[in-house]
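Top line first, the protein sequences correspond to chains A and B. Position 225 of the first sequence, counting from 1, maps to 225 under the working numbering, and the rest follow consecutively. Position 15 of the second sequence, counting from 1, maps to 15 under the working numbering, and the rest follow consecutively.
By construction, these hints were calculated from the structure, which means they are not laboratory data. Worth double-checking, as some hints may not be accurate.
[Claimed, not checked] Derived, one-sided and incomplete: chain B residues facing chain A with beta-carbon distance under 10 Å:
hint : residue
1    : G44
2    : F332
3    : H339
[Stated by the list, open to error] Derived list of chain A stretches under chain B, where covered just means 3 residues or more per stretch with a C-beta under 8 Å from a C-beta of chain B:
hint : stretch
4    : 40 to 50
5    : 60 to 73
6    : 308 to 322
7    : 332 to 343
8    : 346 to 352
9    : 370 to 380
Cβ atoms here follow ideal geometry from the backbone N, Cα and C, with glycine treated the same way.
Number of protein chains: 2
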Amino acid sequence: MADIEAPFRVRQEGRGRLGLLRTAHGIVETPAFLPVGTQGSVKGLLPAEVRAAGAAMLLANTYHLWLRPGAERVAELGGLHRFMAWDGPILTDSGGFQVFSLADRSRVDDDGVTFRSHLDGSLRRLDPATAVAVQEALGSDVAMVLDQCVPYPCARDEAEAAVRRTVRWAEICRGAHRRGDQLLFAIVQGGVHADLRARCTDALVALGFPGYALGSLSVGEPLAEMRRVLEATVPLLPQDRPRYLMGVGSPDYLLEAVWSGIDLFDCVLPTRVARNGTALVLPAGLVASETGAAGTDLPEGRTGRLVVRNASYAADARPVDPTCGCPCCRDFTRAYLRHLFRSGEMLGPRLLSCHNLHTLHRFVAAIRASIASGELAAFREAFWQRAEPWAPSNR
Amino acid sequence: MADIEAPFRVRQEGRGRLGLLRTAHGIVETPAFLPVGTQGSVKGLLPAEVRAAGAAMLLANTYHLWLRPGAERVAELGGLHRFMAWDGPILTDSGGFQVFSLADRSRVDDDGVTFRSHLDGSLRRLDPATAVAVQEALGSDVAMVLDQCVPYPCARDEAEAAVRRTVRWAEICRGAHRRGDQLLFAIVQGGVHADLRARCTDALVALGFPGYALGSLSVGEPLAEMRRVLEATVPLLPQDRPRYLMGVGSPDYLLEAVWSGIDLFDCVLPTRVARNGTALVLPAGLVASETGAAGTDLPEGRTGRLVVRNASYAADARPVDPTCGCPCCRDFTRAYLRHLFRSGEMLGPRLLSCHNLHTLHRFVAAIRASIASGELAAFREAFWQRAEPWAPSNR
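The whole structure should be built from the sequences, with the hints applied where relevant.
As structure tokens, this is what we get:
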């Protein structure tokens, strides 16, 4: 870590905290949400659009890029930033999550995971040293250790075995890591078992990392369960290191996690639901209007989403969200969006992806502002008065 | 036509001519290529991007918009320009071409066409008055008469029957047409039979229209055959009216048609082949570099296209066309484009669509410049020394 001194600085702390994450490609204000560029592209959007939507940092999936086009190929082409033409910070995951969820017949042992590629069936091996080497070749600003993910629900002994491996692998990753311009974050496992989370946290903190993530949350557990795990775990993490909750991106889970002291988030939710025709709409009056329009109407109740295919929008000349200043809401109507989705036109997914990223970043910016002014508690209360929960999101 | 006086002005004429087409939404320099916004969207692109790629005018398909979302719905939402947020000129076709090519079990009679919608199988009727009414509701700047399209090859008696109907329908359309802010163009039919083309032209010119199109070309006939039909037909058209060759968009056919005196073109080719992973690349040295780069390399010979999936581009760090200044070539490599297409990422089709429109408009702008400087013959010769023909394009 020689090249990046004190990569994180906490500027304000209480329920929710403000921080600055310094990387080789720039500084990120936290709390921050990272859109997902799964295969080296935030689906359908140009880097400039992702930035204009408010993103300061992206996540890219090591598993996908490792299998195609290959990490050495990306390195040869000047690294991931140049490859995808994104000059801001990038975080890569370890590949473990996709190996467990996407690959065929993955088999974990104490030293790593053997699996077959979902692309061509070829036999592959992911171990801690490989996860580090691949991420070093990609050249991300933040790399993640290889961890063993567990589902929800998960039996205690399975969660315990995963903690043991995760700690061991974290140590191997740390030993293998060479790049001075890349931060290596550890990942806390332990399912929903508070004592296992604590044990894992203590072991990882003893090893010492510049940042810590929480894995295997937002994998189907109720919000209250996630909240309970966070409240038991986050206080054990060092105050001066960034905390990253992997796979969270719905406004409700995100806000609750900030409340518990989380700094970083990533999720495919905003772009995935966009491609499906669902627009994120912030509860009326929660966040200042960008257009001067009085307020968001939420014709489907207080759910925070607008399904553009609905017949009720067939002649609706309003933008998706009248208070939103994004390119989708600036120029296009709900009726047009509905038409695009019914017609299978790819401009539909593109426009809603842009809107959803803009909206989620607008939400996170409002959270940051409320922390800065000491009003996060009021913001949170206002949110829960107006919003209804999303289903748990997934990566 | 009361509102649009002298909608076309020829500025220079010889082999190839320069003109200005005045519409209710602005003036178009000709020769001009119109990208196709089939269902009210140039697939994957924002209006501002289509304009930045060089387009002054679009084509939209009446058949598609009539069936979904419906012409009355579009009218109710403020017309097609507002619906799709394109404030430049729009030309709509009559719907006939799609009825013959897309609809199930279309049956033509002397008064119109009965068919089943390809969307829901519902029974529909398109006749000349309906074609006009639908286009008036859409509010395009240029509407087309309903014509009977014929395939290639086509027996003489079938082509002759189509001419008879086309002339009759053109007269009915003219009688039904009301909008003063919309031009109504006639369409010359007659297959590849020069005498039928001449007969059709004479009859339509006698009726009098502000513009004339040639239909049922670029439907599979060899370039020489199209050239022969143009040479026999175009001289019979009035010099002071725009001439529109429907469905042409490959550089070779387009250049030959300009040489024969055509002013307007439309085609899905640049965007359709883009979605398939094929980039249009102009022959080396034909058109001035936009980047300062020495010249285009055409690694697949002189074919004018680059298939980005080819394995030879896996590590190619050059832009698709080093001389091109479009957003795709400015920021991204062939290796990245190849990766996007192999990964099924929608950014790939989007970027190549942008590049192909930019390239075709760059080509048409170079044609205009060569006409202006009296060098079209030299330009054409240089083109044929370097280029090889595209397969016939289609709408």
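Are there hints from earlier that the structure breaks, and if so, what are their numbers? 9
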